[in-house]
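Visitor: Listed in order, the protein sequences are those of chains F and L.
So the first sequence is residues 1 to 430, counted in my numbering.
So the second sequence is residues 1 to 430, counted in my numbering.
Do not rely on the hints blindly, as some may be mistaken.
What the hints assert, rightly or not - Computed cross-link-like contacts, BS3-like style, restricted to lysine-lysine with a CA-CA straight-line distance of at most 27 Å:
#, chain 1, residue 1, chain 2, residue 2
1, L, Lys222, L, Lys23
2, F, Lys413, L, Lys290
3, L, Lys79, F, Lys413
4, F, Lys290, L, Lys413
Hints are computed from structural coordinates only; laboratory data are not their basis.
If you're wondering where the values come from, they're calculated on a predicted model, not measured in any experiment.
There are 2 protein chains.
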Amino acid sequence: MALRLNFADSGFSDAFTALLAMKREVSQDVNDVVSAIIDDVRARGDAALIDYTRKFDRLDLQETGIAISAEEIEAAMGKVDGETLEALKFAHARIRAHHEKQMPTDDYYVDPVGVGLGSRWTAIEAVGLYVPGGLASYPSSVLMNAVPAQVAGVERIVMVVPCPDGELNPLVLAAARIAGVSEIYRIGGAQAVAALAYGTDTIAPVAKIVGPGNAYVAAAKKQVFGTVGIDMIAGPSEVLVVADGNNSADWIAADLLAQAEHDEAAQSILITDDAGFADAVEAAVESQLKTLSRAEIAGASWRDFGAVILVPDFVSAMPLVNRLAPEHLELAVDDPDALLPLVRNAGAIFIGRHTPEVIGDYVGGSNHVLPTARSARFSSGLSVLDYVKRTSVLRLGTEQLEALGPSAIALAKAEGLDAHARSVAIRMNR
Amino acid sequence: MALRLNFADSGFSDAFTALLAMKREVSQDVNDVVSAIIDDVRARGDAALIDYTRKFDRLDLQETGIAISAEEIEAAMGKVDGETLEALKFAHARIRAHHEKQMPTDDYYVDPVGVGLGSRWTAIEAVGLYVPGGLASYPSSVLMNAVPAQVAGVERIVMVVPCPDGELNPLVLAAARIAGVSEIYRIGGAQAVAALAYGTDTIAPVAKIVGPGNAYVAAAKKQVFGTVGIDMIAGPSEVLVVADGNNSADWIAADLLAQAEHDEAAQSILITDDAGFADAVEAAVESQLKTLSRAEIAGASWRDFGAVILVPDFVSAMPLVNRLAPEHLELAVDDPDALLPLVRNAGAIFIGRHTPEVIGDYVGGSNHVLPTARSARFSSGLSVLDYVKRTSVLRLGTEQLEALGPSAIALAKAEGLDAHARSVAIRMNR
Chain F
1 MALRLNFADS
11 GFSDAFTALL
21 AMKREVSQDV
31 NDVVSAIIDD
41 VRARGDAALI
51 DYTRKFDRLD
61 LQETGIAISA
71 EEIEAAMGKV
81 DGETLEALKF
91 AHARIRAHHE
101 KQMPTDDYYV
111 DPVGVGLGSR
121 WTAIEAVGLY
131 VPGGLASYPS
141 SVLMNAVPAQ
151 VAGVERIVMV
161 VPCPDGELNP
171 LVLAAARIAG
181 VSEIYRIGGA
191 QAVAALAYGT
201 DTIAPVAKIV
211 GPGNAYVAAA
221 KKQVFGTVGI
231 DMIAGPSEVL
241 VVADGNNSAD
251 WIAADLLAQA
261 EHDEAAQSIL
271 ITDDAGFADA
281 VEAAVESQLK
291 TLSRAEIAGA
301 SWRDFGAVIL
311 VPDFVSAMPL
321 VNRLAPEHLE
331 LAVDDPDALL
341 PLVRNAGAIF
351 IGRHTPEVIG
361 DYVGGSNHVL
371 PTARSARFSS
381 GLSVLDYVKR
391 TSVLRLGTEQ
401 LEALGPSAIA
411 LAKAEGLDAH
421 ARSVAIRMNR
Chain L
1 MALRLNFADS
11 GFSDAFTALL
21 AMKREVSQDV
31 NDVVSAIIDD
41 VRARGDAALI
51 DYTRKFDRLD
61 LQETGIAISA
71 EEIEAAMGKV
81 DGETLEALKF
91 AHARIRAHHE
101 KQMPTDDYYV
111 DPVGVGLGSR
121 WTAIEAVGLY
131 VPGGLASYPS
141 SVLMNAVPAQ
151 VAGVERIVMV
161 VPCPDGELNP
171 LVLAAARIAG
181 VSEIYRIGGA
191 QAVAALAYGT
201 DTIAPVAKIV
211 GPGNAYVAAA
221 KKQVFGTVGI
231 DMIAGPSEVL
241 VVADGNNSAD
251 WIAADLLAQA
261 EHDEAAQSIL
271 ITDDAGFADA
281 VEAAVESQLK
291 TLSRAEIAGA
301 SWRDFGAVIL
311 VPDFVSAMPL
321 VNRLAPEHLE
331 LAVDDPDALL
341 PLVRNAGAIF
351 IGRHTPEVIG
361 DYVGGSNHVL
371 PTARSARFSS
381 GLSVLDYVKR
391 TSVLRLGTEQ
401 LEALGPSAIA
411 LAKAEGLDAH
421 ARSVAIRMNR
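Chain F extracted, bound-state conformation (with noise of 0.2 Å):
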C-alpha cells in the first residue's frame, strides 16, 4: 500500500510537506576515493585506466584495448533483431526531428544609438557521453544525451561505457552508432569521467560532460566541473499523475508501475478527485505487481515511496503539483487544457488519457532526461541548448562611444575602478 493523503484532512498540510521533503536515496560520502581516482588517472593516464578497469570490471584493456573498434560495433549491429534496431531509428528519427527545432539563432541588431549588439551560439567542440553498465545500460538513454549533440553541431562526441566482466549491450552500440557517437571507450566509474576531464594518451580531453551514473559518478562529475562543464546530476525518477475518475485503472495503474519498476527509489503519485477511483486503481496496481519481471522492485518503490493524494478538484490540485514539480506529469482528465496554464513546474507534461509518460521515454521525439527531486523549479530537460554556448558582441563606433561613454565613467568612478574610467575616457574628445 502506498501513502494515502487527502486534502481535506486537518494534517494534509503537514503530511505534503513531509512528503516533499522525503528523501529517497542514501547519500554516499564517496568524495575522497573518487579524488584520489581522479588524481590518480591526471597522473598516469592510461596506466590508471588499465589498472582501475581491471580491479573494479575485471576487465583487461590491455588485451581488448581501451578504445571499442569499428568492427566490434559493426559486429554488435549485426546481434541486435531486426524490429529493435528499425524501433531505434524510429527513435531516433523522432527524437532529431524534434530536437532540431531546439537549434537557438544568432541574433544581430543595432539599437537606435547606432551600438550592433547580438548573441552568436557555437556548438561545444567535444562532449563526453557516460553510459551506465549492468542494468541501466539503456540505448534509449544513449539516444537521449547524444542526438540534441549531433543537432548542435558537436564535433567529437565521446562516450563512455563500463563493461563489466567485459560484458556490453551490443544494444548501446547500436545506439551509439545511430546517434552519431564519434569515438567509444570501454571504461566507467570516476576514472572514465577523469579521463575525460583531463585527457589521457588515448582519450582527448572532452569540454563537458553528461549522462546518468552512479555515486562515484556523480561526485565525479562534481568534481571535475570547473575543468569542464556538466549536465544536471540525476537523481530517481519519478512520476505524477493527475487523473480523474474517468480513467481506466488498470491505465493508470501500469504507469504508475512503470514509473517504479526503474529503481526502488523512484516514485510514483497519483492526484484523484475520486475516493473509488483512487481504491481501483491501487487494487490494479498490486495485480498487476503479480505478473511483472520487475515485481520486486516496483513493489519496493510503490511501497516506499507511492502516496495517493484525494483532492477534492483539480485546481486544487495544481498548487500541489508545483510544490511537487515533478519530473514527469501525465493529465488524464476530460479538459487538460484547462489546467495546462496553471501548471508552473514540471519536466514534461504528457497530455490526456493516450499520452502515456512510457512514449516519452522512448519515441515521442521530446528528451526523456528531465529535472528529478523538484529541481524542475529551476532546471529543465536536456535540450540541444546543453551542447551549445553563446557569445555576446557589442559593437561602438566614435558616436556611439560619445554617447555611452559618459555613464560608463561615472559609474567607473563610482565603483572606484579609474582604469575603466580611463579605457572609455582616453577615447572621446574631450
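Starting from the known structure of chain F, fit chain L onto it as the hints suggest.
Guide: Leaving out everything else, chain L in the frame of chain F:
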C-alpha cells in the same frame, strides 16, 4: 613586465600550454566550515543568522533587523549624487532593452503523425541574488544579475548583502531598487546562502541562487546545489586583446589595466602581430600604472599573470584565442569582421577600436557576468535563460498511440522494462 611569448619561437607550444594551465587562484578548502554553518542555519534559522552576522560582520541584526526597510532604501537613493543615479538608470534601461530580446518563446506544433510537441517556458518563482560586501560590492553587478530576472518575470528577487560594521554602499541599494529587487537582507557568507536555500522565519526560501562571492560563498553555493539551482562559480576576470600596430598603445594599455585593476588574480593578455607595438603597449602600461589609484592591484596582476603574445598574423592567432576561451575578447584590428567567424570560444567579443571592454561592463546593454577560467568552451554569459525553465509537452490521441506504440513496446522490451511496455500496450487495440 608581463610574460612575453613569440609564436615563431621553438618553445612556443609548450609555453602557451603552460599559460593555459596557469592557476590564478589559491583554492581554499573551506568545505567543512561551510557545511557546519549551513547545518546550523537549517537548524536554528534566524538565530543562527544573528550569531554569524555578529561574529563575521560585527553587526547586531537584532538591533537593525535582518531585512533592509523601504525607508532605508529611500534614504540611500537620496545619498547618491544625481549624475551617478542618472548613469545607473541609463545603464538599467539599456541592459533591460537588450535582455528583453532574450526571452524565449513557447513553441507548440503538430507533427505529420499528428503528435503534438511543445516547449513551455516559465520563470523561476524566486531567485536569490548574492552581492558581496566591501571592495567588490558593485552596483553594476546588481543590475547585471537582477535585470534578466526582472525581464524573465521572476516574482521574488531576493538580495543578500553583508554589511561589515554596518556599512553598506548606498549605490548598491539604489541599483537594487532600480532593477526591481523585491527583498533585501543584510547578511552575507555561507549563512546567507543557507538562508536563501532553506529559508528561515524571516526569509522564505528561493529556488535558485546567483551572484559572485568569496570562497565561502562559492563553497556554500556548491553545497546547496540540488536543493536550489546555482549559476556558474565565477573566477577572477580576464581580457584578451587582439590588436594590430595601428592602435594607440595608450588605448590598449588602458584596456589591459582596466581588467588588471579588478583583482590581483585577474589576467590581461595582448596578442599582436607587431613587436614594436607590443613594446609600446608595455611602456604605456608602466607609465599609466603610475597614476592609477589601484596601481598595486593592477601592477601585481600584470606582473604575475599578464602576457604579450607575438603572432605572425591574426588568422594564426585565432586557434590560440579559442584555446584561451577568454571571458572578454577585444578585436582591435582593421577588419574585425574577417576574424569574427574564426572565434569559437569567448564569453563576449568587443568589436573594433572604439569598443573598449569597459562599455560592456556598464552600459553596452549586454551582460557583464561572463564565463571565466576558460569555461567559455562550454558555457555562456548570464541571460534571461538563466531565470526561466522549459517544460516539454507531448500529446497523443488514439491514432498516434497506434502509430508510435509498437516501437515504444519493442524498445521497452529490449530494455527489460515490462511495465513500460504494458503501459503502452494496454491502451492499444490489439
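Visitor: In ascending order, which of the hints set out earlier in this document are inconsistent with the structure?
Guide: Nothing - there is no hint that the structure violates, so all of them hold.
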